[in-house]
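Please take these sequences and the hints and turn them into a complete structure.
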Amino acid sequence: MQEPTDFQKRVYLLLKKIPKGRITTYKIIGDMLGIKAYQAVGLACKMNPFAPEVPCHRVVKSDGSLGGYSASGGIKRKIALLADEYVYINKWKIIDFKKKLFKF
DNA sequence: CGCTTGACACCGT
DNA sequence: AACGGTGCCAAGC
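Start counting the first sequence at 460; every next residue gets the next number (the working numbering).
Please note: incorrect hints may appear among the correct ones.
Computed list of lysine-lysine pairs in DSS-like fashion (alpha-carbon distance at most 25 Å, straight line) [to be verified]:
1. K559 <-> K476
2. K552 <-> K468
3. K505 <-> K520
4. K520 <-> K486
5. K559 <-> K486
6. K476 <-> K520
7. K552 <-> K505
8. K559 <-> K535
Pair ranges (Cβ atoms, derived) [to be verified]:
9. F561 <-> I494: 17 to 23 Å
10. A496 <-> A542: 27 to 33 Å
11. T464 <-> Y547: 32 to 38 Å
12. K557 <-> D465: 27 to 33 Å
13. A510 <-> F466: 19 to 25 Å
14. K557 <-> P463: 27 to 33 Å
15. A539 <-> D490: 25 to 31 Å
16. K562 <-> E512: 20 to 26 Å
17. D543 <-> K476: 30 to 36 Å
18. K505 <-> K558: 23 to 29 Å
19. I494 <-> A542: 28 to 34 Å
Please keep in mind that the hints were generated in silico from the structure rather than gathered at the bench. The structure presented is a predicted model; accordingly, all values stated were derived computationally and were not measured. Where is the CB? At the ideal position from N, CA and C, for every residue including glycine.
As structure tokens, this is what we get:
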């Protein structure tokens with residue numbers, strides 16, 4: 460595995476700032492990093508060599524849906540992780556999404 | 001997640 | 001440096 464790019468490190472650093480029970484979106488992260496390619500944020504998560512240290516599962520799409528999850532367990536695992544933090548999912552949407560949203 | 005289009009950083013070559 | 005393929009994507013239909 461290669462060293463994370465500077466971009467990736469910025470993404471991880473940002474993700475680690477997310478408090479438990481809170482979530483954020485790819486759009487917000489992208490805006491935070493000053494980029495418009497939110498896909499790159501997803502890429503960073505996908506290539507994320509760290510496990511729970513970088514809570515990728517706390518990142519969702521801008522409409523409150525989960526998006527995807529590349530780590531072991533797939534999307535199902537993501538739902539379980541969120542439920543463990545009192546963030547519940549209903550039909551691929553986060554319940555009280557706006558209230559749990561963390562805007563840094 | 002239904003599917004298609006758009007936009008852009010990432011990575012291997 | 002440039003190109004092609006790709007993406008826990010966003011927005012629209």
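Hints, one by one, checked against the model:
no.: 1; hint: K559 <-> K476; in the structure: holds, 14 Å
no.: 2; hint: K552 <-> K468; in the structure: violated, 28 Å
no.: 3; hint: K505 <-> K520; in the structure: holds, 15 Å
no.: 4; hint: K520 <-> K486; in the structure: holds, 7 Å
no.: 5; hint: K559 <-> K486; in the structure: holds, 16 Å
no.: 6; hint: K476 <-> K520; in the structure: holds, 18 Å
no.: 7; hint: K552 <-> K505; in the structure: holds, 21 Å
no.: 8; hint: K559 <-> K535; in the structure: holds, 20 Å
no.: 9; hint: F561 <-> I494: 17 to 23 Å; in the structure: holds, 19 Å
no.: 10; hint: A496 <-> A542: 27 to 33 Å; in the structure: holds, 30 Å
no.: 11; hint: T464 <-> Y547: 32 to 38 Å; in the structure: holds, 34 Å
no.: 12; hint: K557 <-> D465: 27 to 33 Å; in the structure: holds, 32 Å
no.: 13; hint: A510 <-> F466: 19 to 25 Å; in the structure: holds, 20 Å
no.: 14; hint: K557 <-> P463: 27 to 33 Å; in the structure: holds, 31 Å
no.: 15; hint: A539 <-> D490: 25 to 31 Å; in the structure: holds, 29 Å
no.: 16; hint: K562 <-> E512: 20 to 26 Å; in the structure: holds, 22 Å
no.: 17; hint: D543 <-> K476: 30 to 36 Å; in the structure: violated, 19 Å
no.: 18; hint: K505 <-> K558: 23 to 29 Å; in the structure: holds, 28 Å
no.: 19; hint: I494 <-> A542: 28 to 34 Å; in the structure: holds, 31 Å
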